[in-house]
Amino acid sequence: MIDSTPRAPGSKGVLADTLEQDAPLGSVQTVGEALLENPSVSCRDVAVHYGDKQALFDINLDMGTNEVLALIGPSGCGKTTFLRCINRMNDTIQGCRVSGTIKIDDEEINHADADVVSLRSRVGMVFQKPNPFPKSIYDNIAYGPRIHALTASNEELDQIVEDSLKRAGLWKEVADRLQAPGTGLSGGQQQRLCIARAIAVNPDVILMDEPCSALDPIATARIEELIDELRENFTIAIVTHSMQQAARVSQRTAYFHMGSLVEVGSTDQIFTNPRQRLTEDYITGRFG
Amino acid sequence: MNKASHVSRVGRSPSRLNQRRFRAERRFRRLGLLGVVLALASVVFLLGTIFSSGYSAFWRLQFAVDIQFDPALMKITERPTAEELQEVHYLALFRKNLERAYPEVKKRSERRKLAQMFSESAPDVLRELVLADPTLVGETRRVWVLASSSADMIAKGNAPRDIEEKRRVLTDQQLAWLDQWEEEGLARNRFNTRFFTSGPSRSPELAGLAGAIVGSALTLLVTLIISFPVGVAAAVYLEEYAPKNRISEIIEVNINNLAAVPSIIFGLLGLAVLLNFFGLPRGTPLVGGIVLSLMTLPTIIIASRAALKAVPPSIRDGALAMGASPMQTVFHHVLPLAMPGMLTGTIIGLAQALGETAPLLMIGMFAFVADIPSGVVDQASALPVQIYLWAESSERGYVELTAAGIMVILIFLVLMNLLAVFLRKKFERRW
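Protein sequence lines correspond, in order, to chains P and Z. In this text, residue positions in the first sequence follow my numbering: the first is 3, and each later residue adds one. In this text, residue positions in the second sequence follow my numbering: the first is 2, and each later residue adds one.
Please note that the accuracy of each hint is not assured.
The list that follows gives simulated cross-link-like pairs (lysine-lysine, DSSO-like), each with its CA atoms no further than 27 Å apart [stated by the list, open to error]:
id, chain 1, residue 1, chain 2, residue 2
1, Z, K114, Z, K76
2, P, K137, Z, K427
3, Z, K167, Z, K114
4, Z, K245, P, K55
5, Z, K310, Z, K427
6, P, K174, P, K137
7, Z, K97, Z, K107
8, P, K137, Z, K310
9, Z, K245, Z, K310
10, P, K131, P, K174
11, Z, K107, Z, K167
12, Z, K157, Z, K167
13, Z, K245, P, K131
14, P, K55, P, K105
15, Z, K310, Z, K426
16, P, K131, Z, K310
17, Z, K76, Z, K108
18, Z, K426, P, K137
Calculated from the structure, these hints are not laboratory results.
Could you build the full structure based on these sequences and the hints that come with them?
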């Protein structure tokens, strides 16, 4: 079972043995092209502590415009923690400290004075479990534009709702029942509703935390197609436990292990010719 | 399964083992059923007792008297002013008419016994009639007057009739009158509207719950106004904002402890702080409401926190990730989902407060207040206090009133609980 709450490293098992033999916590050097020119999101020396435990060690990683970056790695390796640094969702976890610099379009967001509300209007997030608000489909989409005062009139809002639903590929299915509760949709539809909700405020970046782990294969395929379409307009980072999914939807892949970024590279290269043994072990299914 | 336990079973027949297990199962089920039956039986017994001794209070015996509104008896002119009518000695008018109607009653003591068959409100009835319709002056009318509590009790069978005269509430003579009037159609039973329209009285047949109901309503209003916002705000802070550390743990433990503090302690607090230190007016719904809200707060906070805890964290995450501020998250998403639970908790808390007597006694809400309170700083009584005062009274006429008062408070409690259920059903949203 996949746990959505970020977990501190140090859990026992095969993994711990492997790491202890190979490298002590946090001493792993990243291999591959972690840094880009003109990145959309750039992270430097990002470290995360939960209380006394360190969950992420000095992550240096860029996300390019209009690309899908897949974050893979065994449970508890820090993928989700890293993802939640980018829209500061880690702020909501008590005892969690994030250090280092995170820039979105050259604007530093990881300091106390940064405006979290406007940051989150630029960085949307889709969660592991579909979590539509217990409101109508319309209100689910309209919520973001409303609180950020993006529209001047109801017609404009109607338009945004329609556009967002169309871009999320949900319009045809729900056009005639916009006032029905969003929670009444099927799981896959709910997840696409959540994606529509996220893109309604027209963010720059969309973070997806295992968006398909609660869905059946058909709904998963639908979401994967959608991610590919959305790539034209948004920078997307996706955490996934499915190697196939990472291979299908992403252009770049980052492999995390025990809180360290082990290897980054083009998805083709990572899956065909990994440079680190840890990466190879993981994608070939030797552990994880 | 290890070998040893396997071997030890071989000696016993599996069917006997099963029988024993089935027997134990049946025994266990019967015990549970017995508990349910006992609980239900005691509730039925309680309600039955209260109902059987209280329902008669909703009816009152009335006697008819032919009253001649004789200007000479009333000592007024043919065309009196309203003021003059107000000043008339109606008790004398009533007595004189009784003498006229029962000329055979001659002795002074007997006349008094006759007058005692009627409630002391009889003159007031005459006054109201005349003031409402001044043309009555000079006419003769049959007027229905409340019977005295003693006559009422004998007629309803609430007081024993077939015992020696000395111990009976009516004399032989009075009993004879009662029977005679019942035979002649001069006695009737009518719904006791006074019970719901008037305040307490020294005469059981005139006493009502209106003052206590209004007093309780005002007290609960103050309680609601104070405890609901404060309780919800405290719960939201503790659940959504407060860091989870030692201090918040201590606060949590103490709120739970506060819910278990005997209510009279809150009464003492009110007496010492609100009355003696702040000098708030004694025995008023304002002070009663403040004391009861202190008592209700822990209940509301605990229920509200439970309701907030039940809101899935994914809803909060979704709202925060959309860029809602923590306050927007609470007001747009968390509170609407938690509101049914909070309302239920509040109503349960208020229902507890409605039945609370001890703290109100401590802050002086037991005075005999004949007037119906018109505001939160008027001296007032409250339902449970009124019931307590009636129960304590030595006069037998208050027994049925006590039971009837309990019926009224039970009805209010049931209504409040129904309201809680209704609100929960209406505002409940699924996710």
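Do the hints match the structure? See the list:
1. Z:K114 with Z:K76: Holds, at roughly 26 Å.
2. P:K137 with Z:K427: Answer holds: K137 (chain P) to K427 (chain Z) is near 15 Å, not above 27 Å.
3. Z:K167 with Z:K114: Holds: K167 (chain Z) and K114 (chain Z) sit about 14 Å apart, inside 27 Å.
4. Z:K245 with P:K55: Since the Cα atoms of K245 (chain Z) and K55 (chain P) sit roughly 18 Å apart, the hinted pair holds (cutoff 27 Å).
5. Z:K310 with Z:K427: Between K310 (chain Z) and K427 (chain Z) the Cα gap is close to 20 Å, so the pair holds against 27 Å.
6. P:K174 with P:K137: The given pair, whose Cα atoms are some 20 Å apart, holds under the 27 Å limit.
7. Z:K97 with Z:K107: holds, 12 Å
8. P:K137 with Z:K310: holds, 19 Å
9. Z:K245 with Z:K310: This hinted pair holds, its Cα atoms lying about 14 Å apart.
10. P:K131 with P:K174: holds, 23 Å
11. Z:K107 with Z:K167: Given pair K107 (chain Z), K167 (chain Z) holds - Cα atoms ~22 Å apart, limit 27 Å.
12. Z:K157 with Z:K167: holds, 20 Å
13. Z:K245 with P:K131: Holds - the C-alpha atoms of K131 (chain P) and K245 (chain Z) are around 26 Å apart, at most 27 Å.
14. P:K55 with P:K105: holds, 25 Å
15. Z:K310 with Z:K426: holds, 19 Å
16. P:K131 with Z:K310: holds, 18 Å
17. Z:K76 with Z:K108: holds, 25 Å
18. Z:K426 with P:K137: Holds, at roughly 17 Å.
Going through the hint list in order, the structure satisfies each hint without exception.
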